[in-house]
Amino acid sequence: MIENRPWLTVLSHIILLLGVCAVALPIWIALVASTHTPEAFVQGVIPLWFGDHGAETWGKVLFSAAGNGVDVPVWFMMMNSLIMALAIAFGKIAISIISAYAIVFFRFPMRSLCFWIIFMTLMLPVEVRIMPTYQVISDLSLLNSYTGLALPLIASATATFLFRQSFLTIPGELVEAARIDGAGPWRFFFDILLPMSRTNIAALFVILFIYGWNQYLWPLLITTDDAYFTLVMSIKRMVSVADGAIEWNSVMATTMLAMLPPVIVVVGMQKLFVKGLVDSEK
Amino acid sequence: MAEVILKEVGKTYPNGFNAIPAVDLHIADGEFIVLVGPSGCGKSTLLRMVAGLESITSGELTINGTVMNKKEPADRDIAMVFQNYALYPHMTVFNNMAYGLKNRGVDKATILKKVNSVGDMLGLEELLDRKPKQLSGGQRQRVAMGRAMVRDPQVFLFDEPLSNLDAKLRVQMRVEIRQLQRKLGTTTLYVTHDQVEAMTLADRLVVLNKGNAEQIGTPLELYERPATPFVAAFIGSPSMNLLDAKVADGVLSIGANIRLATDLSFNKNVVWGIRPEHLECLPESAPNEDADFILTVQAVESLGAETLIYGTLEGVETIVVVRLSGPHSPELGSQMKLKAPSAKWHLFDASTQQRL
Amino acid sequence: MNVTFPHRALPWLLLLPQLAVTAIFFLWPAEKAVEQAFYQEDAFGLSREFVGLENFIDLLTDPYYYESIVVTLIFSFSVAFLGIAVALALAIMANRVIKAQLFYQTLLIWPYAVAPALAGVIWWIMFDPSIGPVAQWLKFWGIQWNHYLNSTDAMILVVIAATWKQISYNFLFFLAGLQAVPKSLIEAAAIDGASPIKRFWTIVFPLLSPTTFFLLVVNLVYAFFDTFGIIDATTGGGPGQSTKIMVYKVFDDGFIGLDLGSSAAQSVILMGIVGIMTVIQFRFIERKVQY
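Residue numbers (full-length UniProt numbering), protein chains in the order written: chain A, 1 to 282; chain B, 1 to 356; chain C, 1 to 291.
Hints are computed from structural coordinates only; laboratory data are not their basis. The beta-carbon is built from N, C-alpha and C at its ideal position, and this holds for glycine as well. Take these hints with a grain of salt, some might be off.
[Claimed, not checked] From the structure, some residues in chain A lie toward chain C, with a derived Cβ separation under 8 Å: (1) Thr9; (2) Leu113; (3) Ile117; (4) Thr121; (5) Leu122.
Chain A extracted, bound-state conformation (with noise of 0.2 Å):
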């Protein structure tokens, strides 16, 4: 900055650090209740440093059960939530840059029309128009099934856009010299713009897996059948048991285990994960 200041330094780091510890503050309390039996929590409040229980807790949740009548363990609900938040990640981007492809290097009657339809999905999230999507689901039986859970997802508008304004900025040139170099609509795709969109196909993914993972309502209203359990919903089944009898050590455990996997993407991924924010928002 332009003045040397030095308290104003050591004051943002304070302020910076005060938001960190607020931040982490949850995490840390929830990380040592996972630790403890759960008869700590019957005397009263859960303590500041952690238990020796961890290692059995986690033990149990991960591979045994859950717990708190969820009997499935946690590894197997995360190979669910694995499968769904991939298949919506994949989903979405595959369908989305072919129609970004056909949008933009096609002249076709009604595209603009086409245009308005993807655009209106995003004036309709599931959340909205729940009872109605979850009737056309079950009629098509397809309760309790990895289809049902991913495929209603799948289409976006976001995306779309997205991949559309990069091409967009694809100059014309590079198109024709693919045509003489005898590159038709195919192969022009898989040469040329699939590799050129690389980047944008990362960042996106990496926003997407977290929204895939992150599905709760729908996986919790079309899923009965606890084969098909994705670990997020399964927190809301495991905090609905009788008032006082819920096991916060093995909530806390799952709940850790339930957003390890998108934290560490969106860390290990930083760099992605601020493109894809930013670029889908714009």
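Chains B and C: place on chain A using the hints.
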């Protein structure tokens, strides 16, 4: 052997705009043809019609006797160098050059041989593994040319390939393009708006104006015998002086006061032209009667080897330019006595715009 | 872009998957919702009767629905305001400490990845009246906390959980916005003798106003629609109606109360609201982007 024939080739857009009425052009094998004209004259459109990137709505295009009107660009056996090079940003130089060959199913060994030999010819050996981002403007230009050459096409098409280079590099690449084309002997169609580039490169020039070929000819023909005032003004730098004049009874009169004797026998309104380098400056001591007209100096540009003098003639609004070799320094506002030898005159019919 | 491929059927083939999914899972349900909004259906779906606008009239005369609207507004604006204020403060600080910026950014952005439902549960345990350390600490200061019984407490809890999750998002956008402020402007103001605080309010903040407005809309949309998990996992809309935001009420009336007509009518109203917000958002974006 590739002969390119345009027979009344024209283009009308769906909205009714007639960009190219009808162009006739016969390009001999190995010839270097430059399409030149101001921006918006249709030169790029015409080139892209030959390439197959724009449709031809009337007339017929043949390359080597085959009608090409409906063929895909890839099936015309042409190669094009674009203004912004259009290199594939994610591919190495090698792959950029090899892409067209791969798409045609050429085997790997041949691709390797061809790319390497073109790379050597253009001095790109060291750069084959780089991406376009890592290259300078001049190097990119070379890669774009290499990509065209590697395919060994019947026809090269260039769309203002030098306009993104700095002045020095442009001159250097100009010479190189000409040498390469001579060496390869490939029929070439080249678009530019720069008349110096056009004059130095072309075997023959096509001057386009509003989609019409105003004149087709060698650079010297165009310089010495421009067919219309448009060509006369476009070719040569600084531009030819063109003034409205009238020929009557053996006298050419410009404005109210200038009268030049002539042996022309017709009576007509004309456009009279003379190139700045063909005006002669008489010494100050010469008698006024020897001068054809008197120029009042308004601006002087000293370029060292030559001097450009801008001024006005009595009773004429148009600024007249005189080009003298060597340094001169006339006072602003002073008067110069000029002679315009009649052998160097260009005369055009004022109504038909045709050369007389 | 003028350069295109001359094909007629191919683009339709390319658009087919997206259009099919949109039609089956978006447009069809939306159409169903609109249709159901005009019918009264019994809970088993055996019979239904056309009732015209009655569902809407019932809704608009229902005090619970008004309460839900008020709850939604209080919740959304609290989340948006709090989230923006905290994130802006942190972003300004982070923009000052250039060397440690990435370090702080890393430690501040990860809550974005936490599912709303999980955020709700974590904050619930923090504030749980019997075991939560924060509730305990409040009791020490003489404040009785019980979000199971107290409406205000319940609202504060969901606001905190929702804000906590959204700070990272706002932070990133503010940081990007601050970095886009030309340094020469700040230097010119400094030469003109403006103090750092004055510089912020007279130069930086006005330049950030597009970002702030954009974030306001995005945060409101977030609080309206994406916080379902937080409400559902922590308070379940209670106690009473005190945290039953509109999106939650649609679900509650439809799936729990089995009042399909009313739920559908609420869906239609919400679609209208999302529509308006999307248009506002895009108006804002369109200035940068041309179709």
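Now the hints, each set against the structure:
1. Satisfaction of the interface hint for Thr9(A) is found here, the shortest Cβ-Cβ separation to chain C being roughly 6 Å, below the 8 Å cut-off.
2. At its closest, the beta carbon of Leu113(A) sits 10 Å from a beta carbon of chain C; the interface hint therefore is violated under the 8 Å criterion.
3. Restraint check, Ile117(A) versus chain C: the minimum CB separation of about 6 Å is within 8 Å; hint holds.
4. Look at Thr121(A): its Cβ gets to within about 5 Å of chain C, closer than 8 Å, so that hint holds up.
5. Given the 8 Å rule on beta carbons, the hint for Leu122(A) holds: about 5 Å separates it from the nearest Cβ of chain C.
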